[in-house]
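Input sequences plus hints: build the corresponding full structure.
In case you want the letters, here they are:
2 protein chains.
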Amino acid sequence: MERPRIAELLRSSPSETPREVPGWIRTKRDSKNVCFLEINDGSSLQGLQAIIDKSATDLQSTLDRLQTGASVLARGILVASPGTGQSVELACTGLDLLGEAPAETYPLQKKRHSFEFLREIAHLRGRTNTFGAVMRVRNRLSIAVHQFFQEREFLYLNTPIITASDAEGAGALFQVTTLDMENPPRREDGSLDYSQDFFGKPAYLTVSGQLNAEAYATALDRVYTFGPTFRAENSNTTRHLAEFWMIEPEMAFCDLEGNMGLAEDFVRFLLRDILERCPEDMEFFDKRIEPGIAESLRKVAESDFRRMTYTEAIDVLEKSGRSFAYSPHWGIDLQTEHEKFLTEDYAQGPVIVTDYPREIKAFYMKQNPDGRTVRAMDVLVPRLGEIIGGSQREEELTPLEEAIRRCGLETGAYQWYLDLRRFGTVPHAGFGLGFERLVRYVTGMQNIRDVIPFPRAVGSADF
Amino acid sequence: MERPRIAELLRSSPSETPREVPGWIRTKRDSKNVCFLEINDGSSLQGLQAIIDKSATDLQSTLDRLQTGASVLARGILVASPGTGQSVELACTGLDLLGEAPAETYPLQKKRHSFEFLREIAHLRGRTNTFGAVMRVRNRLSIAVHQFFQEREFLYLNTPIITASDAEGAGALFQVTTLDMENPPRREDGSLDYSQDFFGKPAYLTVSGQLNAEAYATALDRVYTFGPTFRAENSNTTRHLAEFWMIEPEMAFCDLEGNMGLAEDFVRFLLRDILERCPEDMEFFDKRIEPGIAESLRKVAESDFRRMTYTEAIDVLEKSGRSFAYSPHWGIDLQTEHEKFLTEDYAQGPVIVTDYPREIKAFYMKQNPDGRTVRAMDVLVPRLGEIIGGSQREEELTPLEEAIRRCGLETGAYQWYLDLRRFGTVPHAGFGLGFERLVRYVTGMQNIRDVIPFPRAVGSADF
Numbered sequence: 001m002e003r004p005r006i007a008e009l010l011r012s013s014p015s016e017t018p019r020e021v022p023g024w025i026r027t028k029r030d031s032k033n034v035c036f037l038e039i040n041d042g043s044s045l046q047g048l049q050a051i052i053d054k055s056a057t058d059l060q061s062t063l064d065r066l067q068t069g070a071s072v073l074a075r076g077i078l079v080a081s082p083g084t085g086q087s088v089e090l091a092c093t094g095l096d097l098l099g100e101a102p103a104e105t106y107p108l109q110k111k112r113h114s115f116e117f118l119r120e121i122a123h124l125r126g127r128t129n130t131f132g133a134v135m136r137v138r139n140r141l142s143i144a145v146h147q148f149f150q151e152r153e154f155l156y157l158n159t160p161i162i163t164a165s166d167a168e169g170a171g172a173l174f175q176v177t178t179l180d181m182e183n184p185p186r187r188e189d190g191s192l193d194y195s196q197d198f199f200g201k202p203a204y205l206t207v208s209g210q211l212n213a214e215a216y217a218t219a220l221d222r223v224y225t226f227g228p229t230f231r232a233e234n235s236n237t238t239r240h241l242a243e244f245w246m247i248e249p250e251m252a253f254c255d256l257e258g259n260m261g262l263a264e265d266f267v268r269f270l271l272r273d274i275l276e277r278c279p280e281d282m283e284f285f286d287k288r289i290e291p292g293i294a295e296s297l298r299k300v301a302e303s304d305f306r307r308m309t310y311t312e313a314i315d316v317l318e319k320s321g322r323s324f325a326y327s328p329h330w331g332i333d334l335q336t337e338h339e340k341f342l343t344e345d346y347a348q349g350p351v352i353v354t355d356y357p358r359e360i361k362a363f364y365m366k367q368n369p370d371g372r373t374v375r376a377m378d379v380l381v382p383r384l385g386e387i388i389g390g391s392q393r394e395e396e397l398t399p400l401e402e403a404i405r406r407c408g409l410e411t412g413a414y415q416w417y418l419d420l421r422r423f424g425t426v427p428h429a430g431f432g433l434g435f436e437r438l439v440r441y442v443t444g445m446q447n448i449r450d451v452i453p454f455p456r457a458v459g460s461a462d463f
Numbered sequence: 001m002e003r004p005r006i007a008e009l010l011r012s013s014p015s016e017t018p019r020e021v022p023g024w025i026r027t028k029r030d031s032k033n034v035c036f037l038e039i040n041d042g043s044s045l046q047g048l049q050a051i052i053d054k055s056a057t058d059l060q061s062t063l064d065r066l067q068t069g070a071s072v073l074a075r076g077i078l079v080a081s082p083g084t085g086q087s088v089e090l091a092c093t094g095l096d097l098l099g100e101a102p103a104e105t106y107p108l109q110k111k112r113h114s115f116e117f118l119r120e121i122a123h124l125r126g127r128t129n130t131f132g133a134v135m136r137v138r139n140r141l142s143i144a145v146h147q148f149f150q151e152r153e154f155l156y157l158n159t160p161i162i163t164a165s166d167a168e169g170a171g172a173l174f175q176v177t178t179l180d181m182e183n184p185p186r187r188e189d190g191s192l193d194y195s196q197d198f199f200g201k202p203a204y205l206t207v208s209g210q211l212n213a214e215a216y217a218t219a220l221d222r223v224y225t226f227g228p229t230f231r232a233e234n235s236n237t238t239r240h241l242a243e244f245w246m247i248e249p250e251m252a253f254c255d256l257e258g259n260m261g262l263a264e265d266f267v268r269f270l271l272r273d274i275l276e277r278c279p280e281d282m283e284f285f286d287k288r289i290e291p292g293i294a295e296s297l298r299k300v301a302e303s304d305f306r307r308m309t310y311t312e313a314i315d316v317l318e319k320s321g322r323s324f325a326y327s328p329h330w331g332i333d334l335q336t337e338h339e340k341f342l343t344e345d346y347a348q349g350p351v352i353v354t355d356y357p358r359e360i361k362a363f364y365m366k367q368n369p370d371g372r373t374v375r376a377m378d379v380l381v382p383r384l385g386e387i388i389g390g391s392q393r394e395e396e397l398t399p400l401e402e403a404i405r406r407c408g409l410e411t412g413a414y415q416w417y418l419d420l421r422r423f424g425t426v427p428h429a430g431f432g433l434g435f436e437r438l439v440r441y442v443t444g445m446q447n448i449r450d451v452i453p454f455p456r457a458v459g460s461a462d463f
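Sequences listed follow chains X and G, in order. Residue numbers 1 to 463, in full-length UniProt numbering, belong to the letters of the first sequence in order. Residue numbers 1 to 463, in full-length UniProt numbering, belong to the letters of the second sequence in order.
Please note that a few of the clues may not be correct.
Identical chains share a label here; the pair holds if one copy fits it or two copies do between them.
[To be verified] Pairs of lysine to aspartate or glutamate residues, derived as EDC-like cross-links and limited to a Cα-Cα distance of at most 16 Å, are as follows: (1) K201 x D462; (2) K54 x E233; (3) K32 x E318; (4) K201 x E182; (5) K299 x E20.
Calculated from the structure, these hints are not laboratory results.
Next comes the structure, spelled out in structure tokens:
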């Protein structure tokens, strides 16, 4: 693993050190005496240019079989490049063709392909400039997430994927079973005999790790999850996945104020980090995918996030004079058009809206003394709308039990969750950030299916 | 989030700076004039001792309600501690009781509880010394995994959890569905109508991300997964979970030799890291859970891993004179008793066994010219046996197609996987490490259900 990769070679100076460079051919330009290859190994957007002097080498038969997509091992030394766009290139003295990519059958030719087409060959799309850049940015954002929380002494917590309880009573669920679905065992009354299922009862894929994270936050103070969550919603849009990764920090001894501070620091940290650490890929997204995106992210990274209550936000929307598709009034859930107005027009920057009506938020949020609102917060950013949703949690037993009942849920299923309020309860708070939503926001990719290696959506679980 | 946590306070010097320390009461010792509290906030095994001079404060009524497990906010200054075991303690001038933990009902009293009992209250067990230590070690190992691969320029890759293909033909699967299981839609011939299921066909939980990782390794060179995987095996043991996290690196331009080097570096890195970064928790495991474990891990961290072929290993076992429950001969899969002999008795250290019989390994492993063995490797360590399994992959199309057929699998389902060999194929290799197996190995915890926050196993999906 000691060989330098192409990203590093491109930063190197010319030298006589012999190099072996493995990679895939992106382009080949041939003239009578010289052949130019661009070799890419995934370490950067830019490939290494390899120059083959045909008169000095005996590689013609290899070059004849070399096509876009072929894998090679090129040998030579780094020399100063007379061309623009790179300071060094490989003066190539030897070349092994490892694997051909016949032009008649290889689906990724030099021409530009639509993202729809590339989704059909998701097993190959990592070989394109766009998906290489997406995967490098996705990687860096993942690591920045861990770095942010580790520096603040949060413990990374793996909450369960399979769960026997429907955490929030929110969202359609996938059922998980080992019963023979064609011919499942039944009880005498004809109902399914779940005692024979793997877990002895119906089980589902999790929609959120939050309730489990609360159990560990009320033991170890600060935890965060970063794992897959699931929604079986039949929404065939550019913004929904059936399987997506979510980040959910949870903090004891923390109120809504502390929660807002953490969320704001988190968003700014991630944006600063990605602009600094992935400049080449971000320049690509800025030029080729969404012009202006880098500046828009930089602005958010440098902003103080404006804070306003939901009641204030509704007031602003009502007085805006703007005609919305969905008319704003107290009690509605904010729509993307409202969130965009608040961030892009009104505040001209990120906004945190707090204290939403109790009726449109989940049962576990801490109730305000007014009896109408809860200590919820949504972090909104220009271009996107909501990027983070969170709340201070109800830490008192009686109002929490009442909220569970009011939402039509069974308190029986929540006894363990209520125990966290019975024993050594503390003010605590947390939030959730959908990771693919973040990657889409940062890259400007239109369709969320294009920011995860193999997307899962209604009707689609290939590869 | 700026307040220092108890781990940091314990390393501080006495000072007049006023402190506010939130946490949970672990113990309370009361005398006529003084009350000693041990406060823990999850940041370290050790708590902060708080001393309350009853004659100087007006806290008696608060202290009366203070029980093990109660949450508090203690105020005071750090003073030199006359006691042993800590250099500072909190001279407490004020104390808020945030949440009581009535002794009559709180299940976690001072006495020692069995791990079986604690599993029944998994939502509270993070409040014990043992599970606090497990979660801190688990957190640190997770981060060390990312650090190791990031330093080597691997990209973190999230492979899909839901899959329509049974990756290896190995292991019992969980089915994932949105059909009404009581009364599913059927076709005219009475069979289930999967066209109405969420993905339009049967779908399952993944048993491995490897095949998907290969698609991105053959595009971006070096990737690794770290995500949940699933086995629906009906094995109620201390070594199996239905849901567990797995790490799977995959490297292009890499053969078995490079794979072994990476695996060896990886294991040594993780063990060195955890001994260095979590000394207090590791001392706890060494004293209270498995005496001698720290020294055993240190030895492995400093070892060169001995390498031998499977054929050599069988020869050693046959000539050992040892009577095994399962008699060794060429063609068997190595049992734990064999792996322990090889590591503990024969090599007295870690061993990498390579080139296993083709018949006992998966279809995707690269075949050796001998026609009998494949380029597989298992990394074995003392006390445990196999900790890592991997291989060089078959990168040639024809032998891979033959292997798929020989294993009784449908080549049709693997066309996308075969494409990776049709277009720009390269030698590549990788391995898998079960994360909970690692945490169990490092902590000495007997039951694998005790090294994951909320274990899932046959008959068990609570919380």
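Structure-based check of all given hints:
no.: 1; hint: K201 x D462; verdict: between (29 Å within a copy, 10 Å between copies)
no.: 2; hint: K54 x E233; verdict: neither (58 Å within a copy, 60 Å between copies)
no.: 3; hint: K32 x E318; verdict: neither (71 Å within a copy, 64 Å between copies)
no.: 4; hint: K201 x E182; verdict: between (18 Å within a copy, 13 Å between copies)
no.: 5; hint: K299 x E20; verdict: neither (42 Å within a copy, 36 Å between copies)
Hint violations for this structure: numbers 2, 3 and 5, all remaining hints satisfied.
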